[in-house]
Amino acid sequence: MKKLDKCLKNVQNPSRYIGGEVNSYNKEVDGEMVRVALAFPDIYEIGMSYLGFQILYNLKNERDDIFCERVFSPWTDMEKEMRKNNLELFTLESKTPLKEMDFIAFTLQYELSYTNILNMLNLSNLELRAKDRLDTDPIILAGGPNAYNPEPLAEIIDLFVIGEGEEVNLEIIDLYKEVKKIDYSKEKFLEEASKIEGVYIPSLYSVEYNDDGTIRSFRPKKDFVKDKIKKRIIKEFDRAYFPDKVIVPFQEIVHDRGMIEIFRGCTKGCRFCQAGMLYRPIRERSKEDILEKIEKILNNTGFEEFALSSLSSLDHSEIKSVVHEFIAKYEERKIGLSLPSLRLDSFAVDLLKEIQKVRKTGLTFAPEAGTQRLRDVINKGVTEENLFSTLEEVFSNGWNRVKLYFMLGLPTETYEDIKGIAELGEKSVETYYNVDSKKRRGRPEITISTANFVPKPFTPFQWFGQNSVEEFNEKHNYLKTEIKNSKINYNYHGSWESTIEGVIARGDRRLNELQIKAYELGCKFDGWREHFNYELWVQAFNELNIDPNFYNTRQRAYDEILPWDHLDCGVTKEYLIKENEKAKEVKYTDDCRDHCTNCGVNIQIIGGDCYAKSNS
Amino acid sequence: MLKVIVKYEKTGYSKYLGHLEMVTQVERILRRLGLPLEYSKGYNPRPQISFAAPLAVGVSSVGEYFEVKVTEEFDLNKIIKIDESYLPKGIKFVGAKFSTNSKSIMALVKSSTYIIYSKTDLVYDEEMIRDKVKEFLNQDEVNWVKIRKKKKPITKNIINLINNVLVMNTSNKEIIFRVDVKTGSAGNLKPEIVLEKFSEFADINLLDEVEIQRLEIFKEIEDTLVPII
Chain H
448 MKKLDKCLKN VQNPSRYIGG EVNSYNKEVD GEMVRVALAF PDIYEIGMSY LGFQILYNLK
508 NERDDIFCER VFSPWTDMEK EMRKNNLELF TLESKTPLKE MDFIAFTLQY ELSYTNILNM
568 LNLSNLELRA KDRLDTDPII LAGGPNAYNP EPLAEIIDLF VIGEGEEVNL EIIDLYKEVK
628 KIDYSKEKFL EEASKIEGVY IPSLYSVEYN DDGTIRSFRP KKDFVKDKIK KRIIKEFDRA
688 YFPDKVIVPF QEIVHDRGMI EIFRGCTKGC RFCQAGMLYR PIRERSKEDI LEKIEKILNN
748 TGFEEFALSS LSSLDHSEIK SVVHEFIAKY EERKIGLSLP SLRLDSFAVD LLKEIQKVRK
808 TGLTFAPEAG TQRLRDVINK GVTEENLFST LEEVFSNGWN RVKLYFMLGL PTETYEDIKG
868 IAELGEKSVE TYYNVDSKKR RGRPEITIST ANFVPKPFTP FQWFGQNSVE EFNEKHNYLK
928 TEIKNSKINY NYHGSWESTI EGVIARGDRR LNELQIKAYE LGCKFDGWRE HFNYELWVQA
988 FNELNIDPNF YNTRQRAYDE ILPWDHLDCG VTKEYLIKEN EKAKEVKYTD DCRDHCTNCG
1048 VNIQIIGGDC YAKSNS
Chain V
2 MLKVIVKYEK TGYSKYLGHL EMVTQVERIL RRLGLPLEYS KGYNPRPQIS FAAPLAVGVS
62 SVGEYFEVKV TEEFDLNKII KIDESYLPKG IKFVGAKFST NSKSIMALVK SSTYIIYSKT
122 DLVYDEEMIR DKVKEFLNQD EVNWVKIRKK KKPITKNIIN LINNVLVMNT SNKEIIFRVD
182 VKTGSAGNLK PEIVLEKFSE FADINLLDEV EIQRLEIFKE IEDTLVPII
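Chains H and V, in that order, give the protein sequences.
With the first letter of the first sequence counted as 1, position 318 gets the number 765 in the working numbering; the numbers rise by one all the way through.
With the first letter of the second sequence counted as 1, position 48 gets the number 49 in the working numbering; the numbers rise by one all the way through.
Hints were generated in silico from the structure; no laboratory data involved.
Don't take every hint at face value.
[To be verified] A partial selection of chain V residues facing chain H, derived with a Cβ cut-off under 10 Å:
{"hint": "1", "residue": "10"}
{"hint": "2", "residue": "13"}
{"hint": "3", "residue": "26"}
{"hint": "4", "residue": "40"}
{"hint": "5", "residue": "92"}
{"hint": "6", "residue": "94"}
[Said to hold, decoys possible] Computed Cβ-Cβ distance ranges for the label pairs, DEER-style:
{"hint": "7", "chain 1": "H", "residue 1": "541", "chain 2": "V", "residue 2": "85", "range": "29 to 37 Å"}
{"hint": "8", "chain 1": "H", "residue 1": "934", "chain 2": "V", "residue 2": "85", "range": "50 to 58 Å"}
{"hint": "9", "chain 1": "H", "residue 1": "453", "chain 2": "V", "residue 2": "148", "range": "19 to 27 Å"}
{"hint": "10", "chain 1": "V", "residue 1": "142", "chain 2": "H", "residue 2": "453", "range": "53 to 61 Å"}
{"hint": "11", "chain 1": "H", "residue 1": "533", "chain 2": "V", "residue 2": "120", "range": "13 to 21 Å"}
{"hint": "12", "chain 1": "V", "residue 1": "146", "chain 2": "H", "residue 2": "934", "range": "29 to 37 Å"}
{"hint": "13", "chain 1": "H", "residue 1": "574", "chain 2": "V", "residue 2": "156", "range": "52 to 60 Å"}
[Unchecked claim] Over the 12 Å line for every Cβ pair with chain H, so calculated as not near, a few chain V residues:
{"hint": "14", "residue": "89"}
{"hint": "15", "residue": "96"}
{"hint": "16", "residue": "99"}
{"hint": "17", "residue": "133"}
{"hint": "18", "residue": "190"}
Glycine residues also receive a C-beta, built at the ideal position from the N, C-alpha and C atoms.
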């Protein structure tokens, strides 16, 4: 029996590892083909839920000279079997060992998945440190939102893609083919690649530190290497690549439905939100384009549900008619629609009523903070009145289950703000009972969920000292005692997880060795509560003499060189400082759809007005 | 009530698809074909699909069945001649037939036939194995201890659940059996249990590496076993 069969017979959910799904690719391999493993450092069910992953997979495979395959983190039972049977990590499509690829391209979505990258390299018999790998080994590439602070992986990954990957990925592959034709060495290829806009080669830069541990200088090692790496964006989003088909997954994946990105970017300007800053400028797909793509994807997959995805889907300028036309067209085929990010207003409720004609789902709203003052600090334009009038309508229309999302540990937060969360929960229950009993249904089920605020690079809060484990714990306990109503269910994230996430999020190059140490001690699947082991992380900090507080709880000064300062996401530091100061003064910044707030993206990246195209 | 019964194969790596995964896959395939499906009522309308007999994960098959409720007749070639790109690798639709039987497909099932490929530590004489099989089947009792979750194990005589065992071939430290067992609500036995009991009885050392394939599922018509469609 083959090694793989031996493994598969002894694991849970073996279909995570078999490939062969509808719309997956299988190609006759020839020597000329560039082979890429698209790698996601978590299990199949999670990785397959990311739209970007499916976009890049199809984009590359539509070219005959590229064979792009997939690989995910094997769950611990599979890893055990693979190590026992001496089976290297392989691609799902052709079951080829990763070591035989030209590129292994990791998607970086969250910090707590990084130890899984190390484990995947190790399971492929590849060295963890870039400098120890050979010319014959694959190039290790990484991109995705977390590539905006590449430094904690700078000694592990060979090449980072900064920004939107649709075009630059193909440019990298084309360059690789060129260099291969002549006389290939990894060094030569990386040097050439560094000239492509949006490509960052960490080995071409050196860092020096001050005595206090902050960065003294960050400099290119060679004169042809650029000082700043500008992010890539797709300027003509309407014409940007979007696949007509996606893989129909096995397993029940997290987002098990068809998806289309209806626009990129966001104009709200929430000060905690990294995606809102990184994905600027806003670019919309037209209604016709959206509906045409939906029709194609449904015909090519048979999905029973479709999601209109974006950072704030109701802000699409034609959302109402998109929803109406979708329902009219697909109601009979029983195809449901989901809107992942909901606003708190009557416009949202009207659309929900329309959507629920086909399938009914639970509702999630994100007031983010418990008092008006704090919501103004973070620039979340939601009032208490918005919340309760929305809930009243929602309850009157037969919903009884509502989830409310908040963050703990935001800048300037006091216990009054935390108490405010409990009060909003209590008032939500009251709102339910105030609705005419003939209109409401069941009994109220309110879930309050709090995340621990982790400051991220390229946000106005990037200088903020994160709360400590003790502070978070105290806040959780306080909120637990304040929530007294049995109709309210409270859940929260672990404080240690958020601490490690925070350390890595704003970390520098010295964290490469920290993570390798933590991995060697046994850390992996850190984003999974059942596997996260903070004691091993503490041991790694101690052994390498690294103080987590330096990265995490320390308030940074505006003039400090930040580890990601050599990247340019378009939004200027001046703007981020201005926004941070406005937060302290509790001053609101308007939606920049109405008038430009001078974040810099129009000058740095577009070279013109953000709305020149999408408003025409 | 109108239903379509579909016969399909599940071979290669697709044998690792679990039952619920197959349900979702089949649902999406049928939607994609645009068949006149009858949906369940309520907030989560779904096509109404039932499978003839559950197949263990890791067991392949060339004789599986499901049925699905439809609102009207249509050209069955849509199913039989389905483009293979509509199906996961290893899944094949090989037959389809309309049915108005109000009994569910599960209630029809009486028995199944399996081929078992089992590796052995030694080369055994084929005649000897055949004789042992005869003796094995002539017993009045074959007792199997069923281990149950959070309950006491029970001992069951399974001889009446075994319809037949045939030795197809022995070579190269491999014995190939054909095993017919009762399947369905009136009596059900997994083929690997027959193998386990036989190897104990005949004192043959079977290695862990066993491949099982279901060949066919049968219903009963006038005391004769016939394939479902």
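Check your understanding: residue 146 (chain V) and residue 934 (chain H), beta-carbon distance inside 29 to 37 Å?
Key -> This hint is violated: roughly 49 Å between Cβ atoms.
**Study point:** chain H contact restraint on residue 13 (chain V) - CB to CB distance below 10 Å
**Key:** Constraint on residue 13 (chain V) satisfied, holds at 7 Å.
Practice item. Over 12 Å to the closest beta carbon of chain H is the bar; see if residue 96 (chain V) clears it. Key: Given that every Cβ of chain H is farther than 12 Å from that of residue 96 (chain V), nearest at about 21 Å, it holds.
Practice item. Report holds or violated for the interface hint on residue 40 (chain V), using the least CB-CB distance to chain H and a cut-off of 10 Å. Key: holds, 5 Å
**Study point:** Residue hint residue 10 (chain V), partner chain H, criterion CB-CB below 10 Å
**Key:** Constraint on residue 10 (chain V) not satisfied, violated at 14 Å.
Practice item. Just tell me: holds or violated, for the beta carbon distance of residue 574 (chain H) and residue 156 (chain V) against 52 to 60 Å? Key: Holds: the Cβ-Cβ distance is about 56 Å, inside 52 to 60 Å.
Check your understanding: Would the stated hint for residue 26 (chain V) survive a check requiring a Cβ distance to chain H of less than 10 Å?
Key -> Cβ of residue 26 (chain V) sits 7 Å from chain H, so the hint holds.
Point to revise | Pairwise beta carbon distance, residue 541 (chain H) to residue 85 (chain V), judged against the given window 29 to 37 Å | key: violated, 18 Å
Practice item. Hey, is residue 89 (chain V) genuinely clear of chain H, shortest beta carbon separation above 12 Å? Key: Contrary to the label, residue 89 (chain V) does not stay out of reach of chain H, its closest Cβ about 5 Å off (not over 12 Å).
Practice item. Could you tell me whether the CB distance from residue 453 (chain H) to residue 148 (chain V) stays inside 19 to 27 Å? Key: With Cβ atoms ~23 Å apart, the hint holds.
Review point. Holds or violated: 50 to 58 Å for the Cβ distance of residue 934 (chain H) and residue 85 (chain V)?
Key: holds, 52 Å
Exercise for review: Classify the label on residue 133 (chain V) as holds or violated, using whether its beta-carbon is more than 12 Å from each beta-carbon of chain H.
Suggested key: Consistent with the label, residue 133 (chain V) stays out of reach of chain H, its closest Cβ about 25 Å off (over 12 Å).
Going down the numbered hints, you'll see the structure goes against 1, 6, 7, 10, 12 and 14, while the others check out.
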